[in-house]
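Each protein sequence line maps, in turn, to chains A and B.
For the first sequence, the working numbering gives the first residue as 1, with consecutive numbering after it.
For the second sequence, the working numbering gives the first residue as 1, with consecutive numbering after it.
Don't take each hint at face value.
Quick list of in silico lysine to any residue cross-link-like pairs, SDA-like style, CA-CA up to 20 angstroms [as the list claims (entries may be wrong)]:
1. 118/A - 32/A
2. 186/B - 73/A
3. 186/B - 64/A
4. 131/B - 12/B
5. 347/A - 41/B
These are computed hints drawn from the structure, not numbers from a lab.
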Amino acid sequence: MSTATQTSLALEMPSDTYLNSSYGVKSWFLTGDHKRIAVMYIVSISLMFLLGGVFATLVRLELLTPAGDLFQSDTYNKLFTMHGVVMIFGFLVPSIPVTIGNFLIPIMVGARDLAFPKINLASWYIYIIGMIFMLAAIISGGVDTGWTFYTPLSTQYLTTHVMFTAIGILIAGFSSIFTGLNFIVTVHRMRAPGMTWFRLPLFVWSNYAASIIMVLGTPVLAITLILVALERGLHIGIFNPALGGDPVLFQHMFWFYSHPAVYIMILPGFGVISEIIPCFARKRIFGYSAIAFSSIAIAVFGFLVWAHHMFIAGISTYSALIFSFVTFLVAIPSAIKVFNWTATLYKGSIHFDTPMLYALAFIGLFTIGGLTGLFLGAIGVDMHVTATYFVVAHFHYVMVGGMLVAYLAGMHFWWPKMTGRMYPEAPAKLSALIVFIGFNLTFFPQFILGYMGMPRRYHSYPPEFQVLNVLSTAGASVLAVGLLMPMFYMLWSLKYGEIAGNNPYRATGLEWQTTSPPPTHNFHETPIVTQEAYDYESQTEEVEVVG
Amino acid sequence: MLPQYFPLFPESASTMSTRVDALYFFILGITIFFTMLVALLILVFATKYRKEKHPVPVQIHGSIPLEIFWTLVPLGIAMVIFAWGAVLFFQEMHPPKSAMDIYGVGKQWMWKFQHPGGQREINNLHVPVGKAVRMTLISQDVLHSFYVPAFRAQMDVIPGRYTTVWFEATKPGTYHLFCNQYCGTKHSGMVGEVTAMSPDDYQEWLRGAGAFGSLATEGQKVFASMGCPTCHTGADNARGPNLYNLYGRMVRTEDNRTALADEGYIRESILNPSAKIVYGYQNIMPTFQGQLNEDEMIQIIEYVKSLTYNGQLLQLQTNTQQEPPVNLNKIQQGIDVTKPGTNQNPVPRTSAVPVQEEAVPATPSTPPGKQNAPKQPRGAAPQAKPNGSQVEQR
Ligand SMILES: [Cu+2]
Ligand SMILES: [Cu+2]
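Modelling step: build the complete structure from the supplied sequences, incorporating the hints.
Here you go:
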């Protein structure tokens, strides 16, 4: 679209950017610049994503046939465990906040950097140390607890590297806390003149909500892991009934973090979508405050539903009822968002650039992911489908169809801002299509498998489940192609992509007012904000002029 | 039935399964409706308002009535699903009174089942069709989950505490039994089969399954061998409370609370006696932690469950020199535990004695110190009438 018109103006790369302000290893590894740290994070989490993807591929290969014939049972158990651990703690939890969020939040609020640049850098180092522990565990033989670390299996029965992995996750958790803290303080204290709370882009709101969860929830995970370590290492009875502990207590503590954690993963994704849809519909977002407040509602209610992972884990009938009730309440804010995004399209002027394709895919897949949560929230049905492939399908629809697709949408959308160059449109659109098809083919059959009763984490399975598993594996290979493509063309575009210019999509938002890539201090002059976040009215007139 | 190699829907073989499916289809309908609605809106807007056709967007801020509308409608639907799911859950959690008991013990990586008549099975479970079965489950090591998809019945199996789940099979056949809680190396090998049989076939099977003695009689032996009768004599001045009619009663504890004497309570009383002290008694019962395996524990529980007045009356018949059979005085000071007056006139009611009491002579004399224990339990499972005694006598 607009790129064509803009390139005709023969754009040039800006001379003074965060990328060329200084050179050398030290200038990166000791940087306080949130944009450089974001880039370092992008590289690191992409590597973790690749690793997690390799494990996923091997898992899907094993499941091609009913018999457990490709790997030993123990190996298979390690594969799905490491897939989960690496994807969740290495990729999904940090994902959007530490990359896109890190890069954009200071710019979006009109600040020169995050509130605590050194803490931001520290968070990256902490993340890396955590990952080194995790990788050490993997290289030295792996771990097979499942990413949920249920006790007493993890504390007494397994001989794999549980401690290493737990320490890795514990350490990585602190990087989350640091990031969350930084975001909260930045949003409160560093907004540019005129940037009121209700002029903040929704991306900032949703990352703010996610930050609250990071800061409040992650310590509980840390405590839980320390208790696991105490029991495993020193045989202090906490969770193991043989030592006088309670295995259900572990589940309460684990899910007290891990349920809100799914909102850490998905909320920033909501933020990305809330930026992209108005931009490519050329229209202000429908129901700004409804979307903003629903993010906060999710962050609050998200803390009150953890036991819906435990309906049949031996909790009392009445507590199960209460948790089911709140679970249905927390579904509403997500529904509100979906309706508002859809309504934003109404009477817009819709452009189908790659970020928009991903965003539309997000709405569809997230809708399915969210609605299938209703089955799991309804206790009577959950008793049948809990821990089956239905759950696996549900959370992959939310985490991959939702979060990962949002991440891809966001990476495409802000790629020109981060690198100064456009991604190539044609292969990017193709990749979006392939991801969409491959994703559905992979995970839709798993809903059916789940309702039929196929348990998750099964190395071998009864033959009647084979056809659907073959379909799922076939889908996974398509999905893999779709996900690998961006890695290549994005790298290619670093050198050969069209020069983007400051605002290739004519989007609103402070980030589009500075150069692409931005200078080290983001703005040459502190911006003064005078209008709302999605003032596409002014931008549209420009289209009229150019078009 | 669906094609064998490409089924898309699980078999439905219990009374609950059709009810679960009904809610499932309801939510499925809602899911499809809203997915289609959103997809359709996106498609329509995307074609109608694409930039070629609709170059000038109309700026709209939002609409409070619409926001309220799409908050309240989903909320209403969610509440309907919640209520329906909750009702279903209540049914799933509350077995009918007439349910028969079967015990299951999970361990890495197998299932052990015990029928009240003493029949044991491994990775196989035989149940009658048309009869509610209440499974009492416990794990010997890590978490497992007892899952029979065709019955839509699932429950975690936890070390150190009992969980229960019930189902009533509606058609004969064999169905998958899965462990559905990751439990280590051979998790996916911890599978078995549930065979639902017509009641006649089931009786036949019970007879052929070769049990050595009903769970209760086995439990009686364990009870004696562990020295429980030294304190639980049944006498008024005994050091331990009378265990007659304990099961299913509300017990008053030393700190003036009450506790329901179910399987979990009895288990706790044995393994962790000081957790709840019975009102009026000293905290002198030793713990039996580590001395009983889960199978023996189940047997003792079945034995305690079998200690009812009927059993007691029978005891009187044969042991006339013994003191009053029921000494509930202390307990009765607390809360009224049983129907008042039951212990007033212990008239032998031979007619009330269930069939399997015929087996009584087969179980020989009462060991010293357990005079008040009945010789033969009334049988916790009237439904298993013939089997218990017959198998036992072989
Ligand atoms: Cu198991
Ligand atoms: Cu298992």
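Worksheet entry | Agreement of residue 131/B and residue 12/B with the hint, judged by alpha carbon distance not exceeding 20 angstroms | Holds, at roughly 16 angstroms.
Worksheet item: Hey, residue 118/A versus residue 32/A, does the alpha-carbon distance stay inside 20 angstroms?
Response: With Cα atoms ~6 angstroms apart, residue 118/A and residue 32/A stay inside 20 angstroms; holds.
Discussion item. Tell me if the straight-line CA distance from residue 347/A to residue 41/B falls inside 20 angstroms.
Written reply: 12 angstroms, holds
Worksheet item: Is it true that the CA of residue 186/B sits at most 20 angstroms from the CA of residue 64/A?
Response: 19 angstroms, holds
Worksheet item: Given the hinted pair residue 186/B and residue 73/A, is their alpha-carbon gap at most 20 angstroms?
Response: 7 angstroms, holds
When each numbered hint is compared with the structure, no violation occurs for any of them.
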